[in-house]
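Assembly of the complex is requested from the two constituent chains, each provided in isolation within its own frame, with the hints serving as guidance.
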Amino acid sequence: MTILNKLQPLFILLLCAISSYAQIEIGESGSGEGPHDIIINITDADNKDALIGANVIIKDTGAGDVADERGRVRLKLKSGTHTMQVSYIGYIEQEVIISVLGKGSLRVKLQPDAETLDEVIISSEGADQNVRNTDVGKQVMSIATIESLPPFVGEADILKSITLLPGVSSVGEASAGFNVRGSNSDQNLILLGGAPLYNPSHLFGFFSAFNTDLIQDISIYKGGIPANYGGRASSIVDLRYKRGNQDKWGGKASLGLVSAKVSAGGPIMSDKLTLMVAARKSYSNWILGSVSDRQVSNSSADFYDANAILDYDISDDFSVRYAFYRSKDEFSLASDTSFNWANQNQTLTLSKGFGENLIMEFSAVDAQYNYSIVDNSPFSNFTLDSKIKDRGLNFGTKYTISDGNEISVGAQTKFITINPGDLNKINPESPIDPFSVNSEKAQESGIYFQHNLEVGDWLGLSYGVRYSDFRFIGPNSVPVYDPLLPRSEENILSFDEYGDGDVIKTFNGLEPRASVRLSLSKSFSFKAGYNKMFQYIHLISNTTTIAPTDTWKLSDPYLEPQEVSQYTAGLFKNFNDNLIETSVEVFYKDLNNILDYKDGATLLLNDNLESALLNGKGRAYGIEFYLEKKKGDFTGWLSYTYSRSERKVVGSFPEEIINKGNWYPANYDKPHTLSLVGGYKLGKRTKVSSIFTYSTGRPATYPEAKFNYQNGSNIAYYDERNGFRVPAYHRLDLSLTFGWDTANRWLAGDWVLSVYNLYGRKNTFSVFFDDVAGAPPQAFRLSILGIPFPSLSYNIEF
Amino acid sequence: MKILKYIVCICMVSIVCHSCIDELEIDTETKRNLLVVEGGITTAFGPHEILLSKSAKYGSILVDEVKKEKNATVYVRNQNGDQEFLEEGNDGSYFTSANFAANVGDEYSLVITLANGERYISTKQKILPVPSIDSLVLVWKKQPSLSDIQFNSGVEVYAQWNDPEDVANFYQWKTGGVYKINTRPDLHVARNFFGNPVPDPLDCCETCFVYETNNDLNIFKDNLTNGNTITEKVGYIEDDGGRFMEKYLVVVQQLSLTKEAYQFYELLNNQLSIQGDIFDPPPAKVGSNFINLDNPDEDVIGFFTASDVKTDSIFIDNDLIEERQPVRQINDDCRILPNSTVNVPPFWN
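If you read the protein sequences in the order shown, they are chains A and B. Per this note's numbering, the first sequence starts with residue 2, numbered consecutively. Per this note's numbering, the second sequence starts with residue 5, numbered consecutively.
With the rest of the complex left out, here is chain B (with noise of 0.2 Å):
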């Protein structure tokens, strides 16, 4: 009986295990080199910025590496045939003057020259209003957790605003943050020659303020909720013992899409949020607005945005915060943080 036991074990085990893993070698490069275009222009004023890139063989870094599009020649036309060139900057980004708006109710299309010659455009993109944002709503949400101790927390940022209601509207979020931080640059520790900690206090630099930006992919349609007083979340700010230490700064871009741009969003989210599991969405072909004009059947990844900005923005207190973090001691200069600056922002108090 033991033995048939053992059988029966050895053989649920490597029916539970034995749906095994392992890596598939596929040999697919017939997309290789596809010109990828990424970003936008808004009704704010610039530097807007447009990445140029070309697509890679599937696989890992050592397979293939994405390539940045350099020496390209890139413009904004709008229907009026004003032009505005975009200016090169690092690893194929472009960027349009730092006084250029674009105006609600005009189309604007892009072109672009790489330096082989080859041209695109994108189909003309119109500005669509957006409405502006009523009030930002902030809760202090603390995440479910096993653990009394160890938990999840930040404030969630709620959009409210009037959604007109003849129109089907499109909405993309950005959402960006500022928050002074304090650091022990006293208790900076170096290494000596033998990799051991040795005391090594700095003198600078305390206290400092880190801008940062949320790369979240965040839309909405309002055909479930059209013509309402919509309230949104529009981000999460997580507490990670550093940002609350004194106040906040968050700032809400609300932007209008058309629906081909929305769609391509919609897409691209769907293929950000494959996990192989049997929810995952079926595979799809994320497509574009852009067309090679001398071979119409290339093609083009990605999306070329033209739209209407309303920004908000509200300072999150921190005696909103319920239960703080165990705060983040850093025993350095602040200014090794990434985008922190010593320099008190003009808005801060």
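Bound conformation, chain A alone (with noise of 0.2 Å):
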């Protein structure tokens, strides 16, 4: 600290002198020859927000490293005069002389540059990352880009644009999951702020959970997942918040047709304590209401979400920080039946470093997720809710050897409870019977081990191992089947109960996680990498999207983890200074465990959800081609994926069978997807964007013939499972972007118009037979906004 109390005259001549190159002594001299630690802080030169991820190059000895949570690079440098870069998405690159005396800090801020802001849309961490760093089926994307999309309703939205990037694909409109590398929705842990988010949409899917305003970047790891993170099989979705301005107070706001948010952030006690807060509320409701029609005005479209971020710095090495988030919706279209539901996620997260090279971080993570079918028709009215409490803590170190030698080690446990579903009714009248499904527990622990080797430039290596541990505990009542009989309720010989605490079955393993990059040229290289996965939760749907209708279900001892090991490679290559940036990866994915459900399976508020379901194998195999323009007046990007997935169920009788043995598609399977995405520049403030996106329509049970039975009733027959796909899904999105410049704050925004499906193609949403009696059978599309569907925002910084 004493060092810091002298250099303060010398911080702020370095903000006056940071943009003329001068040359900025740091430390005292006489402290020897080094290696002296020297921590930089870059922060935005308006609004002061830390720059996580910023990017710092000491260019005569090739040091240098990534700026983080709060927007600090630690480095060793020696006595003398280096040249320091230091660049940031959206910035204007800086060099800055020093001249290292000892030990010692300094601020770096760096100016946005208004030329370039939506220019870099993609970037993992730097210009060339994609090429140099040995991270595999990562990608990172930043707010700028998403907000340079051809929002949806004026809202960017994050889980919309990660289904641009290859590899990833979603169902269609409505619906709230995505699926990665041919993985169900439910194989993504989405992180916010460290938290799980069980549902990550508002309404169904149209708008993502959560505001975008908070959110610094998005880290979406598809394959070569480090060992720290665990718990689902196939992706990680890891949200980070951003930090709030220390010096000011600063905010955005938002308004559009159907919400407004506004956010907020500055320091509470100077450099100390920081508060952001943010809201987001829908008003669709008076809207929907002052129409005439009754089908609309009859209809309930209402959510919101909130956070609150408080970051505490004790000490210069040692912080805290608390974060809260909920959000809630409330649907009911024209019906009596509304569908609702609420994520709450508190986090408080410490972290102390120990010297230059330890950093410790212990967490406490509370996430809640609550659901409810609620029916107030005037008669047969009932509620149905299910919960789900997530609470657990972990504990992490990084330990730097030396640059670009790190290791990782930490340990991680929760407790899970599940209440999957408690039938009440509303009026005593009702004639539904109250049914409450036997609640569920499990605490699953894992500890992990991660080291990442920079072998000079040409290779690097990351490896590691993490060990998860599952235990699924009382009190339940588990059922014993006949073991020579089919797992069905008929079958059901005697129940054994368990007391609170009892440990029902335990479950654990090793998953061993690796990549390694070689460097073919400076801006060539080959990648490739291994992980294996458990998951000890799974979601119970018949449909495609996480929707209240689901169950999640936790592993007990006739469900095992399901378990996915995915082999990929890939080669990455940039052109003209990284102007072009090319991928080509593959993916090979081996899946065991896999759930699918029996013919005429019931899966809400099944007691012994276990006997309506069967296990089965899954494959997924796929290329991923990827190229981007990131700099001039056009930018934009293509993306195009080949790929598969599979499953295979073959039980030992007959009803355990799913078409005959044989492989058949997963629900997501969705062979071509294709992706354009560009914006190009009209004038300073004027850009137009627009994305087209392609998709092999998903498969679907179809009736293969009609037959008469019960009376000459006409019922459909099916045969094949997936076995019909519905049609191509494809759609075309436009926007234009203007603001005028004038001084007046308030006037200065940016408006955004747009229009979402611009040829007003009809996608199915979903494929229905009706097989009313007295009406011929049908087959029946449903399409969710099948016009061109046109929007206007305007957004404003203060």
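Hints are supplied without guarantee of correctness; some may be wrong.
Within a straight-line C-alpha distance of at most 25 Å, the following computed SDA-like cross-link-like pairs (lysine to any residue) qualify [to be verified]: (1) A:K273 / A:A365; (2) B:K263 / B:Q83; (3) B:K263 / A:S714; (4) A:K426 / B:Q83; (5) A:K253 / A:P113; (6) B:K145 / A:P113; (7) B:K146 / A:P435.
Just so you know, these hints were derived from the structure itself, not from any lab.
Below is the structure:
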């Protein structure tokens, strides 16, 4: 601290001098040759936000690092003069000449680059990081990128943007989940500020459930997943919160047609304590209510989300963060039935540095997801409530041995409680019989080790292992099935009763992870990776979206954990000084213990869900092409994926075999997926951008004949599961962003005019077959937003 | 601002309304012409009916029509090789003789040879004993309604029986009924040449007895209530203003099902309950207990059942009806009603 105090005048000097390339002295002379510890704080010059992920390179030695959660880089430098290059996506790069005398720190303020803000679209933390780092299957998207895409109803949307990346797809409009490399949507771990998010969407997937204004960036791991992540089998989406502005208060506001949002942040105690708050609320209800059509006026679509993030720097290397998040949805469509869901997450994180090379982090996480179906019809009214509680403690340390040589170890444990369904009547006359499905409890723990090593410029290694342990614990009553008969309710012999805290079943296993990079030249590298993951929680659903009709289920004596092994390899090549970025990646996945349902299964309110489920194998494979132009008046990318995702279910009994034991496509198997994203700058503040996406229609089970039964009723005959495909999905969106240069900050905002589904393609959301007695059986298609959908929003910063 | 609100309204309306539903052409005919078998035998005297038809291309009647399977040879065979040949009726129906009754504990198969020579046989169905109904309980029920004047009402019929403890039992109920109805043939109206109504009183007939059967699929398994005295709703007779003029005889057949038959009906019930909403059960393949002897891989639809049956009946007096529905006045000969007769049934008084 003393050094910092002494350096204060220097800081002021620094701030004035930094852009003029003056030589800056750091430390006190006479501290010896070194190396000395130098801390570089990198912030936005305008709003003083810490620039997490900014890049620092010392030109003469090649040493460098990426800024941490607080926008800081620690380097060891010998005494002498060094040229330091500081860069960050969307900011003007700076070169600072520093003269190191001893231990010390400095602050670098980067100017936002109005010219390039929209131009650098996707970047893995540096222009050439895609080629130079050892991550395979990882992609980082900045909020600037997401905000430059055509928005839907005036809202930049993180999850929708993710689906434009290679290897990521969604089943269509209004689908909350997304599918990464042929995996189910429950196999994505979505971490919002470190806490898991069970339902990441508002309005059944029309909007992401979190406010983009508070998000620093998102990292998507499709493969080569580091060992500190676990619990879900396919991918990690890590959304990192911003840090509050340390110098002054500021914020953003946005007014759209359906919702408005506002965020603000600033210091409470100068540099020590900062706060960020944000809120978003839909106001579609009053609009719906004012429509004369009764169908519309009786509908309601209401949601909000709110965040608060408090950062406290106890000392220079010891900080505490508390983050709160809540989202709520209420949706009913011209009927008495409403669907509600709410996420609530809280995280408390303590992070402490010991010396210059060791950082420890401890966090406590509380995540809750409640969802319910409320039927308010006059008579047979009911509520069906479900709840998940996920509470955990995480401890992690990172030790930097030398530049490009880091070791991380840590331990994590959490308790999960699921109440799968409580059915109750609303008024006493309702004929519904109250019913409650057994609740479930488990403890899931993991310890990990991860080593990242750069061997010169040409070779990078990253390997680690995670050991995970899962205990299914009481109280519970577990059915015992006749071992010689298929697992069905009729064949339950008895129930085993377990008391509170009894361990009913334990699963554990090693999850090795590894990736390697071989640089063939400065702009060309080959990477390969392997990872194995276990998943102990399962989304049981017969729909393809995350919805309140789903059931979440823990592994138990009858449901073994899902196990996924992924092999991936890719070539990464940049052209024209990183102006053009290209890559080709291939992957193969082996899935074990994946779940499918039996014919005629009841999934909702089923106390013995295992009797409705089948255990199977899966495989997914594919090739992903990516081409991006990152700078210039025209920017954008093209991504094409060919992939397949298939399942095979062969049980011991005829009713436990699907499609005669052959491989069949998974619900979200979409072989061809193409995304074209482009932005063109028309003027200083005027820009058009567009998205085109095409994908093969997803598989569906179609009736293959009709027959008469039960007094001549026409009944559909289904044979092959997922034997057909709905029509292909394609869509074009267009948006225009413009603003006026004016001194009045309230008028200086950006207008965003956009049209979703420009040519009004009626994409198929679902296909269903109606066998109403007395009417001919007929196939119907439900399309959501089958017309061009315009929207307008206005965004300001203050 | 007004314009903005207008735009907003359009947008919201399009979100809600343009979740549009339209017909989708699907072209699937891979499973046309599968044999469909429906029916079974019981321990009661015949004739027992078996229906044979072929599956058709999915879609409306204009797309394809379900064809009845005629000129087949059909017989029932028990484990001793005794055969009962079925006689062909109309439209692909086949009947056992009136004095055929199956026995509890025996195993029966249905053997079918179609007109084209294809041969099918069902798996053996063992007749499991079914407990008799101890009593039938009647409850008048007024269904909830938004209106005080118009409401739906009727009589719920509950069966009560002792479920045997040592075995898993699967039940099916079939209900039927007879009621007396009075019509007004004297007020009959005919149409003249110009289509105008003119009085045309008829001489006959004023009082009829109407026979009806309920075709709802009603099945039950005892796994949650094994070994208890069970009371289960087996039927609902809606008051249509005609049924409870005097009294109503309800007849309940309690049948035993094999587990396989129960599972088949459960799947069938699933298919019948699909309505196109998000609570729909996923589509499922309805199975069969038949195989084609010459081509075991061929899919067949439908189940041959063999059941023990116990029957009970009870009269519903109209004083049970707390609020009568308005009388359904039919100004015609009562014999125009389906399944009606002027002959007084022997059990009526």
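Hints, verified against the model:
The suggested pairing of K273 (chain A) with A365 (chain A) holds, with an alpha-carbon distance near 22 Å, which does not exceed 25 Å. Among the hinted pairs, K263 (chain B) with Q83 (chain B) is consistent with the structure: their alpha-carbon atoms are about 20 Å apart, no more than 25 Å. Between K263 (chain B) and S714 (chain A) the CA atoms are separated by roughly 24 Å; this keeps the pair inside 25 Å, and the hint holds. For the proposed pair K426 (chain A) and Q83 (chain B), the alpha carbon gap of about 51 Å is over 25 Å, so the pair is violated.
Simply put, K253 (chain A) and P113 (chain A) have alpha-carbon atoms about 16 Å apart, close enough for the 25 Å limit, and the pair holds. With a C-alpha separation of about 74 Å, the suggested pair K145 (chain B) and P113 (chain A) falls outside the 25 Å cut-off, and the hint is violated. At most 25 Å may separate the alpha-carbon atoms for a hinted pair to count; K146 (chain B) and P435 (chain A) meet this at roughly 22 Å.
The structure does not agree with the numbered hints 4 and 6 stated previously, though it agrees with the rest.
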